[in-house]
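**Q** Here the structure of chain A is known, so what remains is to put chain B in place on it, guided by the hints.
Top to bottom, those sequences are chains A and B. In terms of the numbering used here, the first sequence is residues 1337 to 1626. In terms of the numbering used here, the second sequence is residues 52 to 601.
Hints in this document: simulated from the structure, not taken from any laboratory. Every residue gets a Cβ at the ideal spot worked out from N, C-alpha and C, and that includes glycine. Each hint should be verified, as a subset may be incorrect.
In the BS3-like style, the derived pairs of lysine-lysine whose C-alpha atoms are separated by at most 27 Å in a straight line are [said to hold, decoys possible]:
#	chain 1	residue 1	chain 2	residue 2
1	B	K301	B	K239
2	A	K1358	B	K66
3	B	K56	B	K277
4	B	K239	B	K188
5	B	K179	B	K156
6	A	K1358	B	K63
Listed below are several chain B residues computed to face chain A (Cβ distance under 7 Å; list not exhaustive) [to be verified]:
#	residue
7	L388
8	M422
9	D426
10	L473
11	R476
12	Y477
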Amino acid sequence: MSDISPTQSGNGMLAHLGHVMKENPVTALSFGLFALFVLQAFFGHWLVPYDPLATNSVRALEAPSADHWFGTDQLGRDVFSRVIVATRLDLTISVLAVAISFVIGSVLGAVAGYWGGWLDAVLNRILDTIMAFPLFVLAMGIVAALGNTVENIIYATAIINIPFYARVVRAEVNIRREAGFALAARLSGNGHLRTLAFHIFPNALPPMMVQVSLNMGWAILNAAGLSFVGLGVRPPTPEWGIMVAEGANYIISGHWWVALFPGLWLMLAVFTFNLMGDGLRDLVDPRRRT
Amino acid sequence: MLSVKDLSVAFKTRKGQVDAVRGISFDLAPGETLGIVGESGSGKSVTSYALMRILDAGGRISAGDVTWNGRDLRAASESAMRQVRGREISMIFQNPRAALNPIRKVGHQIEDVLRQHGRATRANAHAKAIAALEAVKIRNATDRYHAYPFELSGGMCQRIVIAIALACDPRLMIADEPTTGLDITTQKAVMDLMRDLIRERGMSSIVITHDLGLAAEYCDRLAVMKDGQIVEAGPSVNLFANPQHPYTRKLVDATPRPGVAIRDLLPPEARTPDLPHEVGSRALLEVVDLVKTYPGKSGPVHAVKGISFTIREGQSVGLVGESGCGKSTTSAMLVRLLDPTSGAIVFDGHEIGGIPAERFLRDPRRGQVQMVFQDATDSLNPRHNAFDSIAEPLRRLGGLRGAALHARVEELAHLTGLPDHLLTRYPHQLSGGQKARVGIARAIALDPKFLILDEPTAALDVSIQAVVLNLLADLRARLGMTYLFVSHDLNVVRLLCDHVIVMQDGQIVEQGPTATVMDAPSHPYTRDLLQSAPTPPAPIAAHAPAKAAE
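Isolated chain A (complex conformation) (with noise of 0.2 Å):
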């Protein structure tokens, strides 16, 4: 009877992926463009034509052709090359800020949730103010105080994302506070916090993917942003904040792809990711699986 054993993930997990890709062909396209940017984020160094980095003032706001894809930028770099190597960049800074709010969003809001009281006014108070500033202010104001570093673009996203997790997880929790089966749970020996995290806490799985999707969208466009206001990371390294930033002097004069095509791509990320949703809530979903 080792077919009842509870740890059979592995194969199931990949079966799964394959029944939700198979229902929704939405999910299957957005599945397909995560991967694509997960390939050049891990390997667009090495797939690249060009350096990104290096400058050719002979061949600079070239438009696009055979040699250069995407055209060349002001310096004469190679555009295309650019846009796949800004991929890491932009990915690590909205998937580690998106981790970053999930866990700590998740830690408050499951808190919250499940003992409420006075713990829940004064978290819920806390977030209601970090909701009251203009986010993106905010995060500007974060580092601009912090520092102009890569770091501090990724705790101040990081930050202003969280009282979106928290609210979440707190309504998932608390509606489970007092169902069957945490009681029994508790019956069978598991204390508060045990009961909290490996028995109410996943059943809140499912509509935390959702905004998980929806936040590395908005990430990658905060990030993003605050690079093209001059905060965060600074010429030359590439990242599509600032190539849109650089390239938006240049659409008047008709170079419109040195802004164009990091734009493009943002675009793509944004909506992989905001497709992505629904795919992840039904990977989790244990009733999806028939």
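**A** Okay, now just chain B, sitting in the frame of chain A:
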């Protein structure tokens, strides 16, 4: 007046077409009350939705005719149906609180309906709404007019819903499980009121219910549905006394009623000899002056006001009362999920009421006191399969791992009649009865001495309830467990318990041996409860030979 011929309803789903109703026919005469009885999934609600043409998206009437006073309702246009709904045929839904708009005063909601159908003008709507409230016997109708639904009890809300349904003097009222979720005395009050109002106005009605006893008491004629078909129809008395179809007989048998033994609920071929359980003389649990008081916004709330009782080893005790009487609080304290405000809980000679709930988790006696929860669906973690749910207490408290754990879980599945292959399934892939078995298997995993059963069959169909009750009786005899059976249903308690405790308003009003309390109740509240239970006509013909054979 209403004539349904070969009605079929089909739903388009991802897995293809599902026929929810398959060719049913019935007629309803003016002034007649028809009961449609069936278990969940039998298509009884879908039938009523089809009559009103309010099927969910994807559902459609695939065949048959519905004729209402000479008009073809199947072919009627949507605007014609809007005139029929509410004005000629009205409907009462299951959950009265959900049927009312939570943010509008109930009086305004009645006015809305009156004015929508041109039954009242702005000037006289208020007076007519109050008259409607008075018609459903709501006291202080002028004050209640301004109440919001959340300020009213479930029974009151259902009266408002009835008032809205009757506001336009319809000719037919369809009531879909009108009293599910209401207390037994409230159920009787609501049903009596509905019957009286319908008779007064000479209306017809269709009552859809899973409760055969209730239907038999209030309906002239019954139609029993199974898998989308009417298997048997006839006058209530005949149908109950002399069921023809095997399924009807099974339902009649499974309905708990006075004068039958627990084995009689099962179909005759499944009846095994009753296993006797021994009641010892030693007290297993002594409750002394138990009190629970919650701090409330308007002063302390006394949920349990000093109750005392004793449960002997091997005894099965029924704890009976209506919602809010403190029975759930009591069971939560006994199972040590909740700390009592004062009083003692002496289990097996040791005081355990004083041990804080969080510390009792690591007490060696944690496994000795277990509980089966009310709603089997709610009590299983949606992310754990059946195996993990049953294994949880064994892992945490029993310290079992690997092969020993597997062997024990399989043994428990076998004991509770759960097939092995279902162990890998998640709760949403199991039926109600199977989930109940998983819940019971988990509760008895650690061989508890004392098991609290909190309405374990309340959410189950009667035929499954019959099986689960018998399973509980068998387990009690085999494992020598002591039960505290918490329930609102006296007929169920009568079947399983040796001793009954009746609670009202946080206090015990009566306790004693089951036969004494049930047959010669001394407290007026107990009498009230007993009289409110629907009393189906005794199925004499069906059971006389069976009794003689025993």
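**Q** Decide, hint by hint, whether the structure agrees.
**A** Hint check results:
1. About 25 Å separates the Cα atoms of K301/B and K239/B, which keeps this hinted pair within 27 Å; it holds.
2. Distance check on the hinted pair: K1358/A and K66/B sit about 15 Å apart at the alpha-carbon level, within 27 Å; holds.
3. Restraint check: the Cα-Cα separation between K56/B and K277/B comes to about 17 Å, which is no more than 27 Å; the hinted pair holds.
4. Between the alpha carbons of K239/B and K188/B the distance comes to roughly 14 Å, so the proposed pair stays at or under 27 Å and holds.
5. Distance check on the hinted pair: K179/B and K156/B sit about 15 Å apart at the alpha-carbon level, within 27 Å; holds.
6. The hinted pair formed by K1358/A and K63/B meets the criterion: a straight-line CA distance of about 20 Å does not exceed 27 Å.
7. The criterion of a C-beta within 7 Å of any C-beta in chain A is met by L388/B, whose closest approach is roughly 6 Å, and the hint holds.
8. At its closest, the beta carbon of M422/B sits 6 Å from a beta carbon of chain A; the interface hint therefore holds under the 7 Å criterion.
9. Residue-level restraint check for D426/B holds (minimum Cβ-Cβ distance to chain A is 6 Å; threshold 7 Å).
10. Interface restraint check: L473/B against chain A, minimum CB-CB distance 10 Å, threshold 7 Å, status violated.
11. A least Cβ separation of about 10 Å between R476/B and chain A goes past the 7 Å threshold, and the interface hint is therefore violated.
12. For Y477/B, the interface hint holds, since its Cβ comes within 7 Å of a Cβ in chain A; the closest pair sits about 5 Å apart.
The structure does not agree with the numbered hints 10 and 11 stated previously, though it agrees with the rest.
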